[in-house]
Amino acid sequence: MKMTAEEVKEFWRGWCERRDLGKDVVAAGEAIIDDDPEFWADQTMDQLLKMISE
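Residue numbers (the working numbering): 1 to 54.
Any given hint could turn out to be false.
No farther apart than 20 Å at their CA atoms in a straight line, the calculated lysine-lysine pairs in the PhoX-like style are these [unchecked claim]:
#, residue 1, residue 2
1, LYS9, LYS23
2, LYS9, LYS50
3, LYS23, LYS50
Computed beta-carbon distance windows for the label pairs [claimed, not checked]:
#, residue 1, residue 2, range
4, GLY14, MET51, 14 to 22 Å
5, GLY22, LYS2, 12 to 20 Å
6, ARG13, PHE39, 26 to 34 Å
7, THR4, ALA27, 17 to 25 Å
8, THR44, GLU6, 25 to 33 Å
9, ASP24, GLN47, 15 to 23 Å
10, LYS2, ILE32, 16 to 24 Å
Just so you know, the hints here were simulated from the structure itself, not pulled from any lab data. The beta-carbon is built from N, C-alpha and C at its ideal position, and this holds for glycine as well.
Given the sequences, and given the hints that come with them, work out the whole structure.
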């Protein structure tokens, strides 16, 4: 199923909210998603958080 960049970011925002992650983490993730939304549509949000945290 193909997702738009906005759909991936909406999922990311909800995922972050459920884990009480800050706005800086949300913004960093959204910037990475914008670079390649098709890739991130197929990845777990745990992988994205790990990438931001490194």
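Verification of the hints:
1. LYS9 to LYS23: OK: LYS9 and LYS23 at ~13 Å, within 20 Å.
2. LYS9 to LYS50: Status holds; Cα separation ~16 Å.
3. LYS23 to LYS50: Roughly 16 Å separates the two Cα atoms, so the pair holds.
4. GLY14 to MET51: 14 to 22 Å: Check passed, 19 Å falls within 14 to 22 Å.
5. GLY22 to LYS2: 12 to 20 Å: 30 Å, violated
6. ARG13 to PHE39: 26 to 34 Å: Hint violated: Cβ distance 18 Å, outside 26 to 34 Å.
7. THR4 to ALA27: 17 to 25 Å: Cβ of THR4 to Cβ of ALA27: about 19 Å, so the range 17 to 25 Å holds.
8. THR44 to GLU6: 25 to 33 Å: 19 Å, violated
9. ASP24 to GLN47: 15 to 23 Å: At 18 Å between Cβs, range holds.
10. LYS2 to ILE32: 16 to 24 Å: With Cβ atoms ~19 Å apart, the hint holds.
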